[in-house]
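2 protein chains.
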Amino acid sequence: MKHPKISESTIRRLSRYYRYLEQIEEKEVRVISSSQLAAKCLVNSNQLRKDLNFFGEFGTRGLGYHVKDLLTDIRRVLGLDREWRMAVIGIGDLGFSLLAYNDFLKQNYKIVAAFDVDPLRVIGRVSEKLGKPVEVLHNNRIQEVARERKIEIGLITTPPSEAQNAADILVEAKVKGILNFTPTQITVPEGYVLRNIFFTTVLDNLAYLLSNSLNK
Amino acid sequence: MKHPKISESTIRRLSRYYRYLEQIEEKEVRVISSSQLAAKCLVNSNQLRKDLNFFGEFGTRGLGYHVKDLLTDIRRVLGLDREWRMAVIGIGDLGFSLLAYNDFLKQNYKIVAAFDVDPLRVIGRVSEKLGKPVEVLHNNRIQEVARERKIEIGLITTPPSEAQNAADILVEAKVKGILNFTPTQITVPEGYVLRNIFFTTVLDNLAYLLSNSLNK
DNA sequence: GGATGTGAAGTCGTTCACAGCT
DNA sequence: AGCTGTGAACGACTTCACATCC
Numbered sequence: 001m002k003h004p005k006i007s008e009s010t011i012r013r014l015s016r017y018y019r020y021l022e023q024i025e026e027k028e029v030r031v032i033s034s035s036q037l038a039a040k041c042l043v044n045s046n047q048l049r050k051d052l053n054f055f056g057e058f059g060t061r062g063l064g065y066h067v068k069d070l071l072t073d074i075r076r077v078l079g080l081d082r083e084w085r086m087a088v089i090g091i092g093d094l095g096f097s098l099l100a101y102n103d104f105l106k107q108n109y110k111i112v113a114a115f116d117v118d119p120l121r122v123i124g125r126v127s128e129k130l131g132k133p134v135e136v137l138h139n140n141r142i143q144e145v146a147r148e149r150k151i152e153i154g155l156i157t158t159p160p161s162e163a164q165n166a167a168d169i170l171v172e173a174k175v176k177g178i179l180n181f182t183p184t185q186i187t188v189p190e191g192y193v194l195r196n197i198f199f200t201t202v203l204d205n206l207a208y209l210l211s212n213s214l215n216k
Numbered sequence: 001m002k003h004p005k006i007s008e009s010t011i012r013r014l015s016r017y018y019r020y021l022e023q024i025e026e027k028e029v030r031v032i033s034s035s036q037l038a039a040k041c042l043v044n045s046n047q048l049r050k051d052l053n054f055f056g057e058f059g060t061r062g063l064g065y066h067v068k069d070l071l072t073d074i075r076r077v078l079g080l081d082r083e084w085r086m087a088v089i090g091i092g093d094l095g096f097s098l099l100a101y102n103d104f105l106k107q108n109y110k111i112v113a114a115f116d117v118d119p120l121r122v123i124g125r126v127s128e129k130l131g132k133p134v135e136v137l138h139n140n141r142i143q144e145v146a147r148e149r150k151i152e153i154g155l156i157t158t159p160p161s162e163a164q165n166a167a168d169i170l171v172e173a174k175v176k177g178i179l180n181f182t183p184t185q186i187t188v189p190e191g192y193v194l195r196n197i198f199f200t201t202v203l204d205n206l207a208y209l210l211s212n213s214l215n216k
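Sequence lines, in order, name chains A and B. According to the numbering used here, the stretch in the first sequence is residues 1 to 216, in order. According to the numbering used here, the stretch in the second sequence is residues 1 to 216, in order.
By construction, these hints were calculated from the structure, which means they are not laboratory data. Treat the hints loosely; a few may be bogus.
Copies of one chain are not kept apart here, so a pair can be met inside one copy or by any two copies together.
Here are the simulated lysine to aspartate or glutamate pairs, EDC-like style, with alpha carbons at most 20 Å apart [said to hold, decoys possible]:
id, residue 1, residue 2
1, 110, 93
2, 110, 144
3, 40, 168
4, 110, 152
5, 50, 28
6, 40, 28
Use the sequences and the hints to build the structure in full.
What follows is the structure, given as structure tokens:
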């Protein structure tokens, strides 16, 4: 609503706390202290308390945090108290595996549409593999379908050369959140949010660490 | 070799500079200034020069950087002046799409082995789809094969509940670099390097930004 | 002249340490 | 007594600004 400049890292950590809390809630843990939770998430407990206090006072002094309440609070902060509807653009191998990736479902993210420049090429395979035949539509229907199905996040899994184009179409369709899986730098206008998942950047990081820090 | 505490972000940016330089090298651009390159990579030019100067003086005052030379230099810094041999553990949809993901090939990363707890279940599909039939081996051969094929990086794409186990096996096989694609926090001993690619963490970030910063 | 390389300044994020509740 | 909440100290990363060199 009105939280100023919260750092990216804080949000990432909230996400981690949240996933861990989900796990222990199932085991019926009622209360947890910042140091216990921090240890499990491999962060400093001061940090954890600070992260939470950007958004409110969720704990009880002398006691800790009620797991259920904290879950509700973080859920609200992160915007996970509702469902997010997503579309995948580009149904190659990666796009397909995202369609099949049902871990999203548990996490408030739902893929409600799939697009490709050549739906016929991929449609057989998709229907055969996935229980419910997800229809793969032609890219030229993104505008229309995005509105109809209230899509808010687009996952780009086209070939790299098509990524910017896919982003442009999503922007035109007013899809405000874009997650780019292709190894290309793309841009979106003000008011839109872009995040990238670059496999090779992470691998480069590993390569660097393996060649340098380790054999000291 | 002997570079002290270089920040993670510096390495990520080097990776970005590198990928962009590769592109313009093909277009036969000879020289580029820090401000031109920085603009393309969406960073501050002071930052770029600082990033590079952690590792040496690669530019020419009054001129800029020779693209070819800079590529060679960054390549050496990141450890991309050689091939990195990788294995995929867990051949579900995601693991399969990594096998098929040939962007790795262009980037010095090569998948040379694939493992699963049930190779027979997946082997037909893999051979049929990929040109060269990549053999999928049983997990119990990881030790042996990792040594034979000099595997240095393991990609974990098992079900989440198996991720830690997969990591343990890789560690036992002395595979020093581990890239975890499952949405689970895992740990590795000192001397090993772990990086995670958590789809949902990035989505949570989008969800947060979409619900908060935008509609101000 | 023009762009790099770099100390110094500034900003941002993390950790400390303790006051304040329960 | 115990654990949270938080100002203050610290450290790390980024940006500035200019001396330096081609």
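We went through each hint and held it up to the structure:
Taking the closest pair of Cα atoms, residue 110 and residue 93 come within 20 Å of each other both inside a single copy (19 Å) and across two copies (18 Å). Only within a single protomer do residue 110 and residue 144 lie at most 20 Å apart by alpha-carbon distance; the minimum there is 18 Å, versus 41 Å between protomers. For a Cα distance limit of 20 Å, the shortest separation of residue 40 from residue 168 across copies, 18 Å, qualifies, whereas the shortest one inside one copy, 41 Å, does not. In this assembly of identical chains, residue 110 and residue 152 lie within 20 Å of each other by CA distance solely inside one copy; the values are 11 Å within and 35 Å between copies.
When the C-alpha separation of residue 50 and residue 28 is checked against a cutoff of 20 Å, the pair qualifies neither within a copy, at 26 Å, nor between copies, at 50 Å. For a Cα distance limit of 20 Å, the shortest separation of residue 40 from residue 28 inside one copy, 17 Å, qualifies, whereas the shortest one across copies, 51 Å, does not.
The structure shown violates just one earlier hint, number 5.
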